[in-house]
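Engineer: So the sequences go chain by chain: A and B.
Take the first sequence: its position 21, counting from 1, is numbered 21 in my numbering, and each next residue is one higher.
Take the second sequence: its position 228, counting from 1, is numbered 1228 in my numbering, and each next residue is one higher.
Among the clues, some could well be false.
[As the list claims (entries may be wrong)] The calculated SDA-like cross-link candidates involving lysine to any residue, where the alpha carbons are at most 20 Å apart (straight line), are:
#: 1; chain 1: A; residue 1: Lys30; chain 2: B; residue 2: Lys1071
#: 2; chain 1: A; residue 1: Lys25; chain 2: B; residue 2: Arg1311
#: 3; chain 1: A; residue 1: Lys25; chain 2: B; residue 2: Ile1318
#: 4; chain 1: A; residue 1: Lys24; chain 2: B; residue 2: Val1299
#: 5; chain 1: A; residue 1: Lys25; chain 2: B; residue 2: Leu1295
#: 6; chain 1: A; residue 1: Lys25; chain 2: B; residue 2: Ala1305
#: 7; chain 1: B; residue 1: Lys1443; chain 2: A; residue 2: Gln43
#: 8; chain 1: A; residue 1: Lys25; chain 2: B; residue 2: Leu1199
#: 9; chain 1: A; residue 1: Lys24; chain 2: B; residue 2: Ala1320
#: 10; chain 1: B; residue 1: Lys1477; chain 2: B; residue 2: Tyr1425
#: 11; chain 1: B; residue 1: Lys1414; chain 2: B; residue 2: Cys1380
#: 12; chain 1: A; residue 1: Lys30; chain 2: B; residue 2: Phe1302
#: 13; chain 1: A; residue 1: Lys25; chain 2: B; residue 2: Phe1302
#: 14; chain 1: B; residue 1: Lys1443; chain 2: B; residue 2: Ala1281
#: 15; chain 1: B; residue 1: Lys1071; chain 2: B; residue 2: Thr1086
#: 16; chain 1: A; residue 1: Lys25; chain 2: B; residue 2: Glu1310
#: 17; chain 1: A; residue 1: Lys123; chain 2: B; residue 2: Leu1288
[What the hints assert, rightly or not] To be clear about the criterion: a stretch of chain A counts as covered by chain B if any three or more of its residues have a C-beta under 8 Å from a C-beta of chain B, and this derived list gives those stretches:
#: 18; stretch: 11-21
#: 19; stretch: 24-33
#: 20; stretch: 97-103
These are calculated hints, taken from the structure and not from any lab test.
All residues carry an ideal CB built from backbone N, CA and C; glycine is no exception.
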Amino acid sequence: MIEERNPTNTWIVDDDSIYVYGLKKLISIKGINTNLSHFINGQEGINALKKANENQQLPDIILLDINMPVMDGWEFMNEFAKLKPQLGKNITVYIVTPSLDLNDIHRAKSIPEVADYIFKPVKISQLTEIFSQTQYQANERIRQYGT
Amino acid sequence: MSFSEKGKLSGDDIHLTPLINDLDTGIWKYNFNTREVKWSTGFYTVLGYQFNEIECSVNTFFEHLLYHGDKPAFTNAINNRITDDTPPLQLRFLTKKNGYQWFETTIRKQDDENGSIVYGSLININRYKHNDLLSAHNQATHDDAFKTARLGIWEIDTQNINTIVLSKQVYELFDLQNHLNLSVEEFISFFEPPYRPVLQNAINNTINHSRPFDIDLLLRSAKNNMLWLKVKAVPVINHFGKCTAIKGIVQDIDNEKRKLLKLEQSINLLTDQNRRLQNFAYIVSHNLRSHTGNLQFMVNLFEQADAREEREEIFSHIKAISESLDGTIEHINEIVKIQTEITKERKVVELEPMFRTICSALKNNIEAINARVEWDFSQCREISYIPAYMESILQNLLTNSLKYSSPERQPIIKCYTLAEGNHIYLIFEDNGLGIDLERYGDKLFGMYKTFHNNSDAKGIGLFITRNQVEALGGNIKVDSTVNVGTKFTIRLV
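One chain only, chain B, in its complex shape (with noise of 0.2 Å):
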């Protein structure tokens, strides 16, 4: 049966019956009234057909052609109200070689004098469904590979410089349930303070001078977790060089980072103590060789002499270099205590009483030179610190000030505290001799580095203190004028 054979075309567009059956389109008609079913020779032909090969019936339609699954939709189809408007369907039809394929029908309805008749055009679609439902498995793969990897995509068209599209992912990164349109500085705004800048800069040297960045921020999610993530990009650019978008991505690399910073800890407080065990080697090899260098000189020489005073003379120094011994196995005992004591814990340390039990036990060298020693802890009366560090800072370099006082003026030496941000200072100022920095500024806080020819300068103090300042997370600061005085400031926390 063909259109040729029974078609209703009449009149003036009987010419067009050769042209509808040379289609690569199926086109089929059904009389509700009738029952009658007509098929176009394509029709037979896209489902793989010769013409009359099958037998042109409802029949066949319904039970050899099409998949039993897709018959609900289609009887519904063609029982609805069916408008322009009404979309093709997509159907699977069993084709004579390849088994069932995806074909897609226009249904159209006419009610006339023949009664209610309803027809369409059948295409095969076949390859394009796959397409569609292979690219739908893919992005469904992608999806799920994105989703393990914490991986978010972002892109800012530099015509459009305020928007960033964000996909999904980000959108589940940042904790935000619906998917709002985020302007870039919204964007920016997730990730903590110290790091926007940072971003800010970076998104701005890609547009102006496409410059690619990988960066690793730390982010404030809407549900306030705190999460590193890595922000890569790189531009996208036209014939002309110029930045036209910036194509990135964000990546959850929280565990990695955490790890990351915990070992970079570890290394410097490695770092820390290896300086101490240097620091131990060295006076091992300088202080103590020095001593019983010493020491077996003055015995040789004690056993050649044989004039009692000179044996006498000879053992006093025996006796200084014995002292002087013991004083460089306090200051190893001292150094042993910075790496013993840093795993006590801290404990609330009151500034004040501490001072004043510290300035009663130099009582005699304060009054010996005359020296005024005023403090001001009410910018932080009491701090949370290891107490024996405290203790030995703030005796060090009292102790240092006294010793490098002036001789030609009242020595006045000032200790006092500074709440600044998030910081605290102790300050520590005296109108001593001072130091010329210039010369040795990066010496003053080493080991066993005296600057005045001062007969008691051990070159210990200031290094002990630094040790215990820098073991809490601090650091030691200098200014100092020759003549006019120095001033240590101590960031503590």
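Next comes chain A alone, as it looks inside the complex (with noise of 0.2 Å):
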């Protein structure tokens, strides 16, 4: 299968250890196909990002947190908005968080790179249809130009 052939590439941003870890376990259980990095704070997820864009090693979705200790979760957009014009991939930013705040809600709303507000706990089911359909999007890409 293509699927297995092409792993995606999901970066964590987030500073909730046990939640990275309960998603990773989770993603081993169900068999998702993906390669997952972790980073601890905004600021680290930006400087990978800077990085990997020269590695050709940009992940396909970000699942972001938004209160994160040095760099939240705003300012991180702030800084991935600037990046993006320069960053070779289509990235798929999610925000993650518990928060039922309705200002949370609005402001992620707001921001066009963020495709979805989820909360956290992450259902399953949430999480197999985000990998399905960014693999579904990935796929349709290698179809149509190879790459």
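Take the two lone chains, each set in its own frame, and fit them into one complex as the hints suggest.
Structural biologist: As structure tokens, then:
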């Protein structure tokens, strides 16, 4: 299968180590075909993005937390928006947070680069949907452009 | 009878008689010796009678024409010494058709060979007298109204810029017994010091730029009463648009103003409480949910995991979550405590013993990084404060400095008090990591904001500290340079 030959790249930018642990575990249990990388705050994520852009190692998906030390999710999105034109890949960003705060939700929806707002804890069905969608997009791209 | 018949005008003056009779003025004359009375035609006319319609006699004059209440005034006047300066008399006479009306008569006296003669001219002043009475009445009504409204009037003439004209109500408001002339400066000096420049600037602005003003100022009256006054003014301008005078009022608004200030205070208190409630909701929304979410997550995984090591691993996370949950609930508890303890009474807190106790409680943390903690409370040794707040403030700031010390140098932490003016400050200084205030300044005292990748950073200490300081009417400021240190300045009172 194509999917197995081309795993997606998923980055988690989140300071909640238990959540990250759980997510990794869940992905392995469900056998989702993705490479996971973890960054503990927005600054680390942005640094890694700049580097990955040079090495052609950009992620397909970013699962972004809001509350993090050093650089939070909002600041990350600001930086991301600046970087986006230079990035050689279409990256889907999901905000994943426990916040039920309406202000947070509206703010997230107002950012064009944010694909969706997902509440923690992440449901298995949501997770599989995210990945299958991205997988589908990646496969389409490969089918059309061969890359 | 008329002057033409029995008049004593003689010689060259005889031609004046018709003129006198033409006047709208009555001329009368009385001879003390002969008790003879003479009235001009005008005398009858001003009283509304035809010439000779009534008998010209002392009796008619006193019993029919002159109002009985005015008799003493008249008899006094004619019997007293009369000079050129004797003012005219205002008397009431009965007219033919219009009842009693006010008249004014001059009084002259002459003694000659014919005896002692008194004479004068009579004019009807009823309309003026009525206006006079009316305006006196109006004045009294106005005075009552101004008094009830506690409203005074003032005026500054720009030609005479140093004096201010004040209505008597202003003097009353200022508790000034004698109505001294005040200069503008003296007028302003009755207001409390912080309000003096406000009023001076407002007056200057009106003089220079014809700008009206409406300000509320606190007055300290001559009897030391504190009173909120509304001071309002408009410019009077000439044709060239230049201000020639300022017309203003002062009004006692003490009751309303104090109610308003109280209301504002309650609003501030409510705003604070509301903010704490929002923070509360925030903790529930972000942190409690984050823990419960993780807990659900781990429990699910636990059920799906088969291997023993895997289950043990997941269980260790469940334990960690349970601890975090406990910590978050502790934070909620601390925020609730701010709320409950603010109602407690302030007590005198001795700073040095309290700080020493905190230092010894944190002895291990201090020694672990070989920090030097210095203090100097000589400028203010004790303060009336809520003891639990003070303890929490000192502990949070010390913990904060210890936590964010720089590994590159020996940590030096200084805590001291400053007394400046009416305020007492608590200063906390360290030579630690510092923080980029340009980037994080507004978030530093926010809840669950952490800035360093420090595993034991919780983002709650400074949040609590700020809330405690502000709940007692103080404030907290921070200066910091990355890698040099941080200085917290707390205005306690």
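Engineer: Please go over all the hints and tell whether each is borne out by the structure.
Structural biologist: Now the hints, each set against the structure:
1. Distance hint between Lys30 of chain A and Lys1071 of chain B is unfulfilled; the C-alpha atoms sit about 124 Å from each other, more than 20 Å.
2. As the CA atoms of Lys25 of chain A and Arg1311 of chain B are separated by approximately 11 Å, the hinted pair is consistent with the 20 Å bound.
3. The suggested pairing of Lys25 of chain A with Ile1318 of chain B holds, with an alpha-carbon distance near 14 Å, which does not exceed 20 Å.
4. Restraint check: the Cα-Cα separation between Lys24 of chain A and Val1299 of chain B comes to about 15 Å, which is no more than 20 Å; the hinted pair holds.
5. For the hint pairing Lys25 of chain A with Leu1295 of chain B, the CA-to-CA distance comes to about 14 Å; that is within 20 Å, so the pair holds.
6. About 9 Å separates the Cα atoms of Lys25 of chain A and Ala1305 of chain B, which keeps this hinted pair within 20 Å; it holds.
7. Restraint check: the Cα-Cα separation between Lys1443 of chain B and Gln43 of chain A comes to about 17 Å, which is no more than 20 Å; the hinted pair holds.
8. Between Lys25 of chain A and Leu1199 of chain B, the direct Cα distance comes to roughly 72 Å. Violation of the 20 Å bound is thereby established for this hinted pair.
9. Taking the CA atoms of Lys24 of chain A and Ala1320 of chain B, the gap is about 18 Å. The hint holds against a cut of 20 Å.
10. Restraint check for Lys1477 of chain B and Tyr1425 of chain B: satisfied, since their Cα atoms lie roughly 11 Å apart, inside the 20 Å limit.
11. Of the pairs offered as hints, the one joining Lys1414 of chain B and Cys1380 of chain B holds, with about 15 Å between alpha carbons and a cut-off of 20 Å not exceeded.
12. A C-alpha spacing of about 14 Å is found between Lys30 of chain A and Phe1302 of chain B, which places the hinted pair at or below 20 Å, so the restraint holds.
13. Distance restraint check for Lys25 of chain A and Phe1302 of chain B: the Cα-Cα separation of roughly 10 Å lies within the 20 Å cut-off, and the hinted pair is therefore satisfied.
14. Annotation: proposed proximity of Lys1443 of chain B to Ala1281 of chain B holds, straight-line Cα distance about 18 Å (limit 20 Å).
15. Taking the CA atoms of Lys1071 of chain B and Thr1086 of chain B, the gap is near 18 Å; set against the 20 Å cutoff, the hint holds.
16. Annotation: proposed proximity of Lys25 of chain A to Glu1310 of chain B holds, straight-line Cα distance about 10 Å (limit 20 Å).
17. With a C-alpha separation of about 18 Å, the suggested pair Lys123 of chain A and Leu1288 of chain B falls inside the 20 Å cut-off, and the hint holds.
18. Here the stretch 11-21 of chain A counts 4 residues with a CB under 8 Å from a CB of chain B, which clears the bar of 3, and the coverage holds.
19. With 3 residues carrying a beta carbon less than 8 Å from a beta carbon of chain B, the stretch 24-33 of chain A meets the three-residue requirement, and the given coverage holds.
20. Against chain B, the stretch 97-103 of chain A contributes 5 residues with a C-beta closer than 8 Å to a partner C-beta. That satisfies the three-residue criterion, and the hint holds.
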